[in-house]
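Given next are the chains, with one letter for each unit.
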Amino acid sequence: MLERRTSHGGPLLEPDLPVESSPPGFPALYLGERIETAHRLALQLGGQLDRDGSLKGPVQERVAGIHEELERAARELQFLVSEAGVGFDAAAAPRDERPEWDESAEGVIPSLSSGAIAEPLAICPTGFPAASYQDYTTDRYDRTVGRLKSRRRRILGWTLGLAVGISAALEVLNVLAREPMPVLWMAVLPVVWLIPVPFFVLSFRGTQRILDRNHLETGVEG
Amino acid sequence: MRSPTVIFQITAIGRNHRAIAESARSVLYWARHTPRQGYLPRLWLVIEPDGYASSPDTYEQLRREGARVLVVPSDYRTPLGTSGKARALQYAVEQRGRDGLSNDRVWIYHQDEETCVGQDTLAGIADFVRGPKLVGVGIILYPIDWTGSPSHIQEVTRSYDDFRVLDSMTLPGNPSAGFHGSHILVRADVEDSVGWDARGYAPAEDLTFEIRVRHKYGSVFGVLKGFAYEKGAFTLRDQLKQRRRWMHGVIWAVHRSPELSARRRLTLFYSALSWFSALPSIAVLIASVAFHYGPLLLVTGIFTGFVWVSMVTAYVEGYRMHSEYLLRRVSAFRFVVHGLVGALIDALAPWYAIVSHPSLGDFILKDRPTGAPELPDVPGAPTGLPTSTRSGAAVADS
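Those sequence lines, one after another, are chains R and P.
Position one of the first sequence corresponds to residue 163 (this note's numbering), numbered consecutively onward.
Position one of the second sequence corresponds to residue 3 (this note's numbering), numbered consecutively onward.
Hints are computed from structural coordinates only; laboratory data are not their basis.
Heads up, a few of these hints could be off.
To be clear about the criterion: a stretch of chain R counts as covered by chain P if any three or more of its residues have a C-beta under 8 Å from a C-beta of chain P, and this derived list gives those stretches [unchecked claim]:
(1) 213-227
(2) 355-364
(3) 369-380
Okay, derived cross-link-like pairs now, DSBU-like style, lysine-lysine, Cα gap no bigger than 35 Å in a straight line [unchecked claim]:
(4) K311(R) / K243(P)
(5) K311(R) / K135(P)
(6) K311(R) / K218(P)
(7) K135(P) / K218(P)
Everything numeric in this text was worked out from a predicted model, so none of it was measured.
The C-beta atom is built at its ideal place from N, Cα and C for all residues, glycine as well.
Take these sequences, add in the hints, and give me the full structure.
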């Protein structure tokens with residue numbers, strides 16, 4: 163059992179946090195909470211030593227070192243959760259954040275702690291190299307839309323610049339060709355080309371507007 | 003306050019059971035491995051009896067892994083007698099009513115059989131359900147089983163076009179007529195009040211649904227962050243059949259949707275007309291060389307540059323959006339040639355729709371046949387995946 167006691171008798175860790183073995187490759191289910199608890203205790207220790215007048219010299223350095231190490235550990239865990247896309251499930255959330263869910267209802271996805279772990283299907287049954295859904299991370303998404311948003315002005319400039327350039331070249335070639343005016347009925351034929359122009363204009367404007375006005379990245383309001 | 007519930011609903015015939023299994027497992031995987039999203043995830047598979055019969059082991063395994071498998075009874079009839087996917091969607095609506103899940107705390111995330119989700123999809127859903135909008139639509143990528151074939155190259159343009167769709171959807175009146183049938187999130191009470199039922203077969207039930215929601219609730223559409231991950235048609239024939247169904251959907255809506263306002267009818271008609279104009283445009287281009295009517299092109303030439311650049315931009319930027327997810331790269335030459343072939347099929351599709359009709363038996367393969375030739379690893383492709391992923395040595399089905 164995890165329960166340990168300080169000299170004052172207070173519990174160091176939540177007494178009911180079970181020791182769970184995580185699947186290979188996954189951070190332990192309660193690691194985040196353990197780091198948080200250790201950090202809090204280190205802060206309390208620092209405060210206590212400060213009040214006692216003992217927080218000086220090597221002791222002060224070591225307490226500061228513990229703070230730093232625990233902060234690094236928390237950041238590394240965050241990296242594991244966000245980068246590798248693995249981490250805690252709702253069951254590991256603090257009790258006051260847990261929703262009142264009936265996990266026994268049919269179709270409710272069982273949590274990791276229930277023991278049912280989705281089998282990674284990183285295998286393409288076809289012989290073609292296929293990206294797996296395990297690669298579809300928030301980080302990758304944010305990077306993709308972030309790059310596109312950063313190119314918005316460049317796309318605007320290139321589209322308009324090239325459009326003017328190509329159209330101008332076509333017009334010059336047309337004039338230089340000095341072709342005779344065709345019969346009138348043929349005039350309707352090139353009009354076909356004009357039909358989709360409003361659609362392309364709407365599309366171009368809409369794309370620019372969405373990229374400009376919306377924060378498409380996750381975790382950003384709007 | 004109770005946390006919301008999100009039902010990830012895959013609605014399909016069910017015969018592409020490997021694609022469905024992968025989609026379902028993407029939900030199971032990320033729901034279990036994404037921390038603190040703040041909603042209860044549920045997974046429903048709504049399939050037809052013959053789909054279930056095609057691989058009962060797969061569906062029973064998915065049931066054991068946490069999915070709820072709803073097989074639409076073959077004798078089920080909707081009040082208006084619709085058929086096809088709309089019938090299955092309506093069955094799910096009624097099931098939610100029976101389960102007491104038709105309320106404003108429940109959201110439905112619609113997936114096609116090949117719609118995989120990622121960590122970003124779940125994060126986007128979590129963000130959306132906290133907001134004021136009632137229907138969310140996002141961007142779909144097509145990286146799964148991507149081979150660089152003409153139909154797959156053509157598909158990357160759809161992802162870039164989704165920005166137009168998002169913009170149009172979130173504007174009053176949906177001026178350029180965009181919508182999706184998958185990667186949409188709808189609040190259950192909204193969906194259930196509108197329903198999917200229609201008289202007879204509605205070939206584009208998603209468009210009909212959007213028209214109804216807009217008619218009843220107004221401009222309640224918002225941007226859903228996060229991608230969905232799908233796969234393009236494997237063959238040009240399937241690409242043609244898929245587009246034919248879309249065009250029939252538009253024609254159906256223009257002719258038979260009673261909720262469609264005159265303005266939206268005109269918008270839809272124009273979008274169909276634009277699509278129809280693609281093939282004659284190519285013909286006129288060829289004819290211009292033969293008939294020498296250059297002087298007439300002085301007018302159209304003003305816009306030609308913009309149209310051409312817009313089309314090329316869709317390919318280039320669409321491919322860039324996919325490049326983070328593709329394990330294969332194609333050469334520039336192949337990209338151009340396949341892009342032209344894919345575009346030609348898209349130009350042909352509406353005319354094909356005029357001379358032929360989709361049927362309920364229109365089955366588009368999404369399970370890539372086993373035994374396809376193995377392709378070599380491509381330099382520059384992302385690494386770090388298990389060897390079995392890249393070699394395809396092992397087969398995982400159920």
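The hints, checked one at a time:
1. Look at the stretch 213-227 of chain R against chain P: 0 of its residues bring a Cβ nearer than 8 Å to a Cβ of that chain, fewer than three, so the hint is violated.
2. Counting residues of the stretch 355-364 of chain R whose CB lies closer than 8 Å to any CB of chain P gives 10, so the stated coverage by that chain holds, three being the minimum.
3. Under the rule that three or more residues need a Cβ within less than 8 Å of chain P, the assignment of the stretch 369-380 of chain R holds, with 8 such residues.
4. Restraint check for K311(R) and K243(P): satisfied, since their Cα atoms lie roughly 34 Å apart, inside the 35 Å limit.
5. For the given pair, K311(R) sits about 23 Å from K135(P) by alpha-carbon distance, which is consistent with the 35 Å threshold.
6. Under the criterion of a C-alpha separation no larger than 35 Å, the hint pairing K311(R) with K218(P) is consistent with the structure, at around 34 Å.
7. A distance of roughly 14 Å separates the Cα atoms of K135(P) and K218(P); the hinted pair therefore holds under the 35 Å criterion.
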